[in-house]
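So you can see what is in the structure, the chains are spelled out below.
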Amino acid sequence: MILSFAFYLLIQATHSFSISYVVQNYSNISSSILTLALICIVLAAMSQSAQWPLHRWLLSSLNSPTPVSALMHAGLVNGGGFLLVRFAPLYLHYPESLLGIFIIGFITTILGTFWKLIQSDVKRMLVCSTVAQMGFMFMQCGLGLFSAAVTHLCWHGLFKAYLFLSVSSVVHENRHLIKGRRSTASSFLLSILCGCAGAYRFILISNTPASSLNTQLFLIGFALLTGTQLAHVILEKNNKLFNLITAALIVFAGGCLYGWSIRLIELILLPMGINIPQPLNSLHVISFACIFLIWIVANSEDTADMKITDFWRRLYVSALNSSQSHKKTITANRKDYQY
Amino acid sequence: MNSKSIESIKAMPSMPNTTTNHTISDIQLVKLINEAATILAPVWPLDTIIACNPLLGFEDLPFGKALTEGAKYFQHIFSVNKLNNINRETIKWCLAFLDEEQATIKMPEKILGFYGSWQLLAKFDAKLHQKNKLKKQWLAALPHNSEQAIVYYLTILNINPIYWEKFFTLLLSTLPGWSSYIKYRQEHTKDCSITLVDFIAVRLAIVYVLWPEATKDLLRMINVPEISYYDFLLQLKKREILYRCSLTEKLKSKFALFKSNVKQMRPEAQLIFCIDVRSESFRRNLEAQENYETFGFAGFFGLPVRIHSFCKNEVINAYPVLLNASHNIMEEPINKDLRYIIRYQQGKQILIKLKAAYQVLKYNFGTSFALVETLGIWGGLLMFFQTVFPYLTNRIKTLLKNKIASPIATVPNLETEPKQSSSGIPLSKKIDYAESALYDGINKKFC
Numbered sequence: 001m002i003l004s005f006a007f008y009l010l011i012q013a014t015h016s017f018s019i020s021y022v023v024q025n026y027s028n029i030s031s032s033i034l035t036l037a038l039i040c041i042v043l044a045a046m047s048q049s050a051q052w053p054l055h056r057w058l059l060s061s062l063n064s065p066t067p068v069s070a071l072m073h074a075g076l077v078n079g080g081g082f083l084l085v086r087f088a089p090l091y092l093h094y095p096e097s098l099l100g101i102f103i104i105g106f107i108t109t110i111l112g113t114f115w116k117l118i119q120s121d122v123k124r125m126l127v128c129s130t131v132a133q134m135g136f137m138f139m140q141c142g143l144g145l146f147s148a149a150v151t152h153l154c155w156h157g158l159f160k161a162y163l164f165l166s167v168s169s170v171v172h173e174n175r176h177l178i179k180g181r182r183s184t185a186s187s188f189l190l191s192i193l194c195g196c197a198g199a200y201r202f203i204l205i206s207n208t209p210a211s212s213l214n215t216q217l218f219l220i221g222f223a224l225l226t227g228t229q230l231a232h233v234i235l236e237k238n239n240k241l242f243n244l245i246t247a248a249l250i251v252f253a254g255g256c257l258y259g260w261s262i263r264l265i266e267l268i269l270l271p272m273g274i275n276i277p278q279p280l281n282s283l284h285v286i287s288f289a290c291i292f293l294i295w296i297v298a299n300s301e302d303t304a305d306m307k308i309t310d311f312w313r314r315l316y317v318s319a320l321n322s323s324q325s326h327k328k329t330i331t332a333n334r335k336d337y338q339y
Numbered sequence: 001m002n003s004k005s006i007e008s009i010k011a012m013p014s015m016p017n018t019t020t021n022h023t024i025s026d027i028q029l030v031k032l033i034n035e036a037a038t039i040l041a042p043v044w045p046l047d048t049i050i051a052c053n054p055l056l057g058f059e060d061l062p063f064g065k066a067l068t069e070g071a072k073y074f075q076h077i078f079s080v081n082k083l084n085n086i087n088r089e090t091i092k093w094c095l096a097f098l099d100e101e102q103a104t105i106k107m108p109e110k111i112l113g114f115y116g117s118w119q120l121l122a123k124f125d126a127k128l129h130q131k132n133k134l135k136k137q138w139l140a141a142l143p144h145n146s147e148q149a150i151v152y153y154l155t156i157l158n159i160n161p162i163y164w165e166k167f168f169t170l171l172l173s174t175l176p177g178w179s180s181y182i183k184y185r186q187e188h189t190k191d192c193s194i195t196l197v198d199f200i201a202v203r204l205a206i207v208y209v210l211w212p213e214a215t216k217d218l219l220r221m222i223n224v225p226e227i228s229y230y231d232f233l234l235q236l237k238k239r240e241i242l243y244r245c246s247l248t249e250k251l252k253s254k255f256a257l258f259k260s261n262v263k264q265m266r267p268e269a270q271l272i273f274c275i276d277v278r279s280e281s282f283r284r285n286l287e288a289q290e291n292y293e294t295f296g297f298a299g300f301f302g303l304p305v306r307i308h309s310f311c312k313n314e315v316i317n318a319y320p321v322l323l324n325a326s327h328n329i330m331e332e333p334i335n336k337d338l339r340y341i342i343r344y345q346q347g348k349q350i351l352i353k354l355k356a357a358y359q360v361l362k363y364n365f366g367t368s369f370a371l372v373e374t375l376g377i378w379g380g381l382l383m384f385f386q387t388v389f390p391y392l393t394n395r396i397k398t399l400l401k402n403k404i405a406s407p408i409a410t411v412p413n414l415e416t417e418p419k420q421s422s423s424g425i426p427l428s429k430k431i432d433y434a435e436s437a438l439y440d441g442i443n444k445k446f447c
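Chains as they are written, first to last, in my numbering: chain A, 1 to 339; chain B, 1 to 447.
Calculated directly from the structure, the hints in this document are not laboratory data.
Any given hint might turn out to be false.
Derived Cβ-Cβ restraints for the label pairs, each shown as a range [said to hold, decoys possible]:
no.: 1; chain 1: A; residue 1: Asn-321; chain 2: B; residue 2: Leu-61; range: 39 to 45 Å
no.: 2; chain 1: A; residue 1: Ser-166; chain 2: B; residue 2: Gln-130; range: 35 to 41 Å
no.: 3; chain 1: B; residue 1: Val-315; chain 2: A; residue 2: Asn-63; range: 34 to 40 Å
no.: 4; chain 1: B; residue 1: Ser-406; chain 2: A; residue 2: Ser-186; range: 33 to 39 Å
no.: 5; chain 1: A; residue 1: Asn-321; chain 2: B; residue 2: Glu-100; range: 17 to 23 Å
no.: 6; chain 1: B; residue 1: Thr-387; chain 2: A; residue 2: Ile-268; range: 21 to 27 Å
no.: 7; chain 1: A; residue 1: Leu-267; chain 2: B; residue 2: Val-315; range: 48 to 54 Å
no.: 8; chain 1: A; residue 1: Ser-166; chain 2: B; residue 2: Ile-162; range: 38 to 44 Å
no.: 9; chain 1: A; residue 1: Trp-312; chain 2: B; residue 2: Asp-231; range: 56 to 62 Å
no.: 10; chain 1: A; residue 1: Ala-289; chain 2: B; residue 2: Glu-101; range: 27 to 33 Å
no.: 11; chain 1: B; residue 1: Ile-111; chain 2: A; residue 2: Ala-289; range: 30 to 36 Å
no.: 12; chain 1: B; residue 1: Ile-275; chain 2: A; residue 2: Trp-260; range: 51 to 57 Å
no.: 13; chain 1: A; residue 1: Ile-268; chain 2: B; residue 2: Glu-331; range: 36 to 42 Å
DSSO-like mimics (lysine-lysine), calculated; alpha carbons at most 30 Å apart, straight line [what the hints assert, rightly or not]:
no.: 14; chain 1: B; residue 1: Lys-403; chain 2: A; residue 2: Lys-123
no.: 15; chain 1: B; residue 1: Lys-82; chain 2: B; residue 2: Lys-92
no.: 16; chain 1: A; residue 1: Lys-328; chain 2: B; residue 2: Lys-127
no.: 17; chain 1: A; residue 1: Lys-307; chain 2: B; residue 2: Lys-92
no.: 18; chain 1: B; residue 1: Lys-131; chain 2: A; residue 2: Lys-307
no.: 19; chain 1: B; residue 1: Lys-429; chain 2: B; residue 2: Lys-106
no.: 20; chain 1: B; residue 1: Lys-348; chain 2: B; residue 2: Lys-429
no.: 21; chain 1: B; residue 1: Lys-92; chain 2: A; residue 2: Lys-328
no.: 22; chain 1: A; residue 1: Lys-328; chain 2: B; residue 2: Lys-136
no.: 23; chain 1: B; residue 1: Lys-82; chain 2: B; residue 2: Lys-31
no.: 24; chain 1: B; residue 1: Lys-403; chain 2: B; residue 2: Lys-355
no.: 25; chain 1: B; residue 1: Lys-106; chain 2: B; residue 2: Lys-348
no.: 26; chain 1: B; residue 1: Lys-92; chain 2: A; residue 2: Lys-327
For every residue, glycine included, the Cβ atom is placed at its ideal position computed from N, Cα and C.
Next comes chain A alone, as it looks inside the complex (with noise of 0.2 Å):
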């Protein structure tokens, strides 16, 4: 519907039914209606790709099978991503839009992060893991990096499809591998080193010029934050060298492999020049600095105190009640009990 008026609006101002014709010719129209048309077509994306406060639809189609949940969401979800890059000239004319995007999508990809940490069903934890995806893309749109988006869209689909085909491994998965790391001040600081290995690698082989100040360093800041955890895992109790040096490979190894996925997609979208990177304001680091606390936070060994809080209480139970499915999609009555 939204997206139907946003096209009226378009076609009445262009008279053309060409969505590039549209997208090379916005000069002509007048801003007000431009602006509305934008609007409306990013509520549409919003709710195609389960943006917060629009993602509900998504929890509650847990029911469907988990196939069909595949399929869903490696595809349907997307289109919210590719309506967005479709238009996204106009987006990247004004980059207050952008910045809008952007903050729907970090406020999503918070949400959506936390929802899935504390779900303990594999179908639904992958269900908010896919809410937290999305809202990385719209920030990824949002930081003018549509090419980023769609490579994004692309990688997370074919991931996400394998693990729902995968689900019922769960049964065997052994997930107290990951309980009881220590960590101490020294081996964090030089798992960051180790980050930095594999950030630098990132920016080699990606191409992203990290000298200017602009929003590609964000993207370089997640590498980093991934590195430097992957680089954790392997360090944790002995930092020897031969460990170090171990680590230091694999997450270069690491950057490598992530630069070359990322670099894939955006050749192949190198024509349509949609990959601009604006200018870092102060928003972006926030927003950076605020998943990185978080992150600290969450990795830390000393968040028992903070968990026999009210607030932590509060937290959780809100969280539990809004990554609920919608009550008309849960079975709560058992009306046939055939023999």
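Dock chain B against the given chain A, drawing on the hints supplied.
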């Protein structure tokens, strides 16, 4: 929420335990609840699932009567909206508490048990208090002890003690899946963090908050006209007889054939198989070959052992789920060469590290995005090859895994060791098992 129930909350005593009129000891209450739960058939979890007769609780009744009773308790034809609300909230909390190592962030203070941890969180649950101030206050002052809480809730719900057991049964049978699973945990595992008492306490509190006038309606639910299965049973009997007749005819013709070439002499070998449809064809073909005799026997051969795997860090319960293990058997590598074992263990460590790294990145804050972008293409490729060339893909996967950590041949160690009294089987027991396997298994026809 209507004004009447708000009043009832207002009139509620702030210190619950002092106003309890009904004196019942905790032990009596637990007994009452377990009595009320007899109609439930326990449900086993997925990895040790066993088929259970859903009418297990009615086994002392004649079949027709059992069907009628089962329908009365478990077949809720009249969907009551408020009951569904209560069920949804109970399901939500059961799901959060009964997490099987899936949630990275667990339900806070799980160590206090189901009721204990729930009552600390209940006051924050907007789906329970619905932003109603009085309900919030009430939820904030819930009794800490589940037995006391149950008596208190029953009192304020105004339920006559003579109906208590019936009411418990209803609370359990209106959410049969979860209550049956909790019954399994209570009766067949050593874990007592969630019991039927906890479950009923939580459910009663939710009932009181969401549906204070439930008493009458719920008790009315089982006073529905009884469904008669007379015709159904008649039909069933008829079909049964029909089937039996045709089967005996078939068997008779076969038996005549069998009798004519029955082997009188001593069989050359006697073989015992696990009694299973899969062994059936083996047995038939073997018996057709030579003068062999085969027997079916329970697959664990009467030997309830727990095998501690050497390669995988796991314990295999090699016996039916309803039994308990009487012996622990350790697996040991055949080749005792230390270098060989160390190499294997190093390889295994690498695999474990890789898996741990994957899990840490996946179940974490902020790191899963880069992980997805890195692994996406591999996930896609793996999916493609597993679909198109499933055998080849699995062969390559195993090959790679074996390259890193080549599995070593192991043998179960049956000897009892003086240091570890719990492992192995003592000689006298071995003789007993061999004897019983030979005599019971071959039905005393061992020659």
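Here is how each hint holds up against the structure:
1. Between A:Asn-321 and B:Leu-61 the CB atoms are about 42 Å apart, so this pair conforms to the stated range of 39 to 45 Å.
2. For A:Ser-166 paired with B:Gln-130, a C-beta distance near 40 Å keeps the hint of 35 to 41 Å intact.
3. A hinted range of 34 to 40 Å holds for the C-beta pair B:Val-315 and A:Asn-63, which are about 35 Å apart.
4. The hinted range of 33 to 39 Å is satisfied by B:Ser-406 and A:Ser-186, whose Cβ atoms lie roughly 35 Å apart.
5. For A:Asn-321 and B:Glu-100, the hinted distance range of 17 to 23 Å is satisfied, since their beta carbons lie about 22 Å from each other.
6. Taking 21 to 27 Å as the suggested C-beta distance range, the pair B:Thr-387 and A:Ile-268 conforms, at roughly 24 Å.
7. In this structure the supplied range 48 to 54 Å holds for A:Leu-267 paired with B:Val-315, their Cβ-Cβ distance being about 51 Å.
8. For A:Ser-166 and B:Ile-162, the hinted distance range of 38 to 44 Å is not satisfied, since their beta carbons lie about 53 Å from each other.
9. Between A:Trp-312 and B:Asp-231 the beta carbons are some 59 Å apart, a value that agrees with the proposed interval 56 to 62 Å.
10. The hint said 27 to 33 Å for the Cβ distance between A:Ala-289 and B:Glu-101, and at roughly 32 Å that hint holds.
11. Here the CB-CB span from B:Ile-111 to A:Ala-289 is close to 34 Å, well matched to the stated 30 to 36 Å.
12. For B:Ile-275 paired with A:Trp-260, a C-beta distance near 56 Å keeps the hint of 51 to 57 Å intact.
13. Our hint of 36 to 42 Å for A:Ile-268 and B:Glu-331 is violated, since their Cβ atoms are close to 52 Å apart.
14. For the proposed pair B:Lys-403 and A:Lys-123, the alpha carbon gap of about 33 Å is over 30 Å, so the pair is violated.
15. As the CA atoms of B:Lys-82 and B:Lys-92 are separated by approximately 16 Å, the hinted pair is consistent with the 30 Å bound.
16. The straight-line distance between the Cα atoms of A:Lys-328 and B:Lys-127 is roughly 15 Å, inside the 30 Å bound, and the hint therefore holds.
17. For the hint linking A:Lys-307 to B:Lys-92, the alpha-carbon distance of about 20 Å falls within 30 Å, and the restraint holds.
18. Proximity of B:Lys-131 to A:Lys-307 is assessed by CA-CA distance (about 24 Å); at most 30 Å being required, the pair is judged to hold.
19. Taking the CA atoms of B:Lys-429 and B:Lys-106, the gap is about 45 Å. The hint is violated against a cut of 30 Å.
20. For the proposed pair B:Lys-348 and B:Lys-429, the alpha carbon gap of about 36 Å is over 30 Å, so the pair is violated.
21. Distance check on the hinted pair: B:Lys-92 and A:Lys-328 sit about 14 Å apart at the alpha-carbon level, within 30 Å; holds.
22. A distance of roughly 26 Å separates the Cα atoms of A:Lys-328 and B:Lys-136; the hinted pair therefore holds under the 30 Å criterion.
23. Between B:Lys-82 and B:Lys-31 the CA atoms are separated by roughly 29 Å; this keeps the pair inside 30 Å, and the hint holds.
24. This hinted pair checks out: B:Lys-403 and B:Lys-355 have alpha carbons roughly 16 Å apart, not beyond 30 Å.
25. About 29 Å separates the Cα atoms of B:Lys-106 and B:Lys-348, which keeps this hinted pair within 30 Å; it holds.
26. This hinted pair checks out: B:Lys-92 and A:Lys-327 have alpha carbons roughly 11 Å apart, not beyond 30 Å.
In this structure, the hints that do not hold are numbers 8, 13, 14, 19 and 20, in rising order.
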